[in-house]
Amino acid sequence: MDEQDYILFENYILEALSETEKDAFETRLKTDSKFNESFNTYKELSSFLEHKFENEATSAAFHNNLKNISNSYFEKQKAPKKVISFKPWQFAMAASILLLIGFTIFNNFSSPVYEDFANYDSINLTVRGDQDALLKTAENAFNSKDFAKADEAFKSLMLMDKDNTELKFYRAIASLELNKFDTAEGLLIGLSKGQSVYKNKATWYLALSKLKQEEYDDCLEILKTIPEDAEDYKAAQKLIKKLD
Amino acid sequence: MSEKKIHEDQKYIDGLLKNNSFIIQAIYDKFAPKVINYIKQNSGDSDQAQDIIQDSLITIYNQANEKKLELTCPFDAYFFLLCKRKWLNELKKSSNKEVTIKEEILYKGDDAQELAFETDLFGEKQALFTEMFNKLGTACKDLLTATFKIKSMEEVAESLGVTYAYARKKKSLCIGKLTELVQSSPKFNLLNN
Numbered sequence: 001m002d003e004q005d006y007i008l009f010e011n012y013i014l015e016a017l018s019e020t021e022k023d024a025f026e027t028r029l030k031t032d033s034k035f036n037e038s039f040n041t042y043k044e045l046s047s048f049l050e051h052k053f054e055n056e057a058t059s060a061a062f063h064n065n066l067k068n069i070s071n072s073y074f075e076k077q078k079a080p081k082k083v084i085s086f087k088p089w090q091f092a093m094a095a096s097i098l099l100l101i102g103f104t105i106f107n108n109f110s111s112p113v114y115e116d117f118a119n120y121d122s123i124n125l126t127v128r129g130d131q132d133a134l135l136k137t138a139e140n141a142f143n144s145k146d147f148a149k150a151d152e153a154f155k156s157l158m159l160m161d162k163d164n165t166e167l168k169f170y171r172a173i174a175s176l177e178l179n180k181f182d183t184a185e186g187l188l189i190g191l192s193k194g195q196s197v198y199k200n201k202a203t204w205y206l207a208l209s210k211l212k213q214e215e216y217d218d219c220l221e222i223l224k225t226i227p228e229d230a231e232d233y234k235a236a237q238k239l240i241k242k243l244d
Numbered sequence: 001m002s003e004k005k006i007h008e009d010q011k012y013i014d015g016l017l018k019n020n021s022f023i024i025q026a027i028y029d030k031f032a033p034k035v036i037n038y039i040k041q042n043s044g045d046s047d048q049a050q051d052i053i054q055d056s057l058i059t060i061y062n063q064a065n066e067k068k069l070e071l072t073c074p075f076d077a078y079f080f081l082l083c084k085r086k087w088l089n090e091l092k093k094s095s096n097k098e099v100t101i102k103e104e105i106l107y108k109g110d111d112a113q114e115l116a117f118e119t120d121l122f123g124e125k126q127a128l129f130t131e132m133f134n135k136l137g138t139a140c141k142d143l144l145t146a147t148f149k150i151k152s153m154e155e156v157a158e159s160l161g162v163t164y165a166y167a168r169k170k171k172s173l174c175i176g177k178l179t180e181l182v183q184s185s186p187k188f189n190l191l192n193n
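In order, the protein sequences belong to chains A and B.
First residue of the first sequence? That's 1 in the UniProt record's numbering, and the numbers climb one at a time after it.
First residue of the second sequence? That's 1 in the UniProt record's numbering, and the numbers climb one at a time after it.
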């Protein structure tokens with residue numbers, strides 16, 4: 001290809017050719033296989049460059065986040081499993097502790113409680129631009145179970161990023177932990193009606209909110225709407241059995 | 001394209017695209033063990049498995065970002081096959097050592113094979129494009145970087161102190177140069193066949 005061809009490629013992509021030029025170009029695409037090949041590569045490279053530079057910041061954020069999750073996952077894998085050797089008196093102690101746990105479970109059998117079912121992991125929030133410090137505060141507070149502080153941080157973050165479903169979801173959890181049921185349920189209902197990845201999780205926590213308030217009938221109704229493919233489907237079924 | 005139904009596991013692709021930590025964590029928890037096992041059984045170790053998994057997720061992310069990536073099969077099968085392809089490529093590159101592959105037919109679904117193949121190809125091409133871009137002269141590299149970052153050609157021309165017409169012409173010639181570099185690399189012909 002000579003220089004003129006590449007200028008033509010660019011003008012074609014930018015739709016800067018006249019009708020006649022465009023027709024001639026398209027005919028040549030059909031008849032000249034070398035021209036066609038070069039044009040396709042040119043186009044592919046344009047798209048490659050466009051995405052490479054346009055999404056540099058978001059890509060970098062993704063790479064960082066991925067690396068963190070990957071590292072912590074593989075570190076956990078490598079951690080040696082501890083072998084503990086017991087002395088006879090420790091066996092006796094272990095047995096009595098087991099007995100105690102048995103009793104506790106037995107006592108809890110009749111009425112399931114929120115704490116048995118709410119088991120979210122520690123969070124690792126997405127970093128977007130200049131909200132880093134506040135995100136970090138929210139993340140640390142949430143992970144150390146300082147939900148009042150986390151709730152405040154999420155609230156401020158949501159002022160800047162009101163459509164962020166991740167923030168909405170975790171603020172709902174924090175509110176739920178603080179027994180601020182109205183806030184929590186408002187957010188959860190919104191999420192459960194949306195199409196985000198938190199859709200099913202939100203429904204599940206909405207049910208748990210009812211459970212925490214001992215509104216068992218409402219809880220049951222909501223649990224039954226959790227679809228089979230939801231991550232918490234099994235837990236939901238278990239809870240339904242206990243409540244029924 | 002066909003009317004193939006999008007699999008519900010599309011949520012993993014969308015989650016990656018949104019950089020959703022919750023989903024990324026779930027991908028590791030659910031799908032990494034199988035890949036790690038496979039690599040360990042086929043002349044690799046845990047560190048290599050970590051690299052392959054990370055690299056595969058980045059390729060998926062890039063493909064979903066640049067083109068549409070619509071999953072018509074379970075993520076499990078697609079992801080495993082992609083990691084496997086990448087690992088076999090890796091072994092071929094360093095094939096001084098004896099390679100033993102325990103081949104087993106794990107998935108019959110052609111969709112998974114096809115999608116994994118496409119994503120792998122996309123990743124290989126990206127690597128090649130990046131390599132060739134770095135071979136360009138500084139003037140071209142600067143101009144292209146500015147062009148795609150700033151978007152408005154007028155501003156690009158101004159920031160580089162050239163006329164608009166010159167900047168636009170230069171842009172096509174630089175991508176043209178890159179096209180030639182890519183086309184003349186033996187790897188490109190391998191990938192395109």
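If you are wondering where the hints come from, they were derived from the structure by calculation, not from laboratory data.
Warning: the hint list may mix true and false statements.
To be verified - Derived EDC-like pairs: lysine to aspartate or glutamate, alpha-carbon spacing no greater than 16 Å straight-line: (1) B:Lys-141 - B:Glu-131; (2) B:Lys-67 - A:Glu-54; (3) B:Lys-177 - A:Glu-54.
A quick note: this is a predicted structure, and the numbers were derived from the prediction, not measured.
Against the structure, the hints come out as follows:
1. Restraint check: the Cα-Cα separation between B:Lys-141 and B:Glu-131 comes to about 12 Å, which is no more than 16 Å; the hinted pair holds.
2. A hinted pair counts as satisfied when its Cα atoms are at most 16 Å apart, and B:Lys-67 with A:Glu-54 qualifies at roughly 14 Å.
3. A hinted pair counts as satisfied when its Cα atoms are at most 16 Å apart, and B:Lys-177 with A:Glu-54 does not qualify at roughly 21 Å.
Going down the numbered hints, you'll see the structure goes against just number 3.
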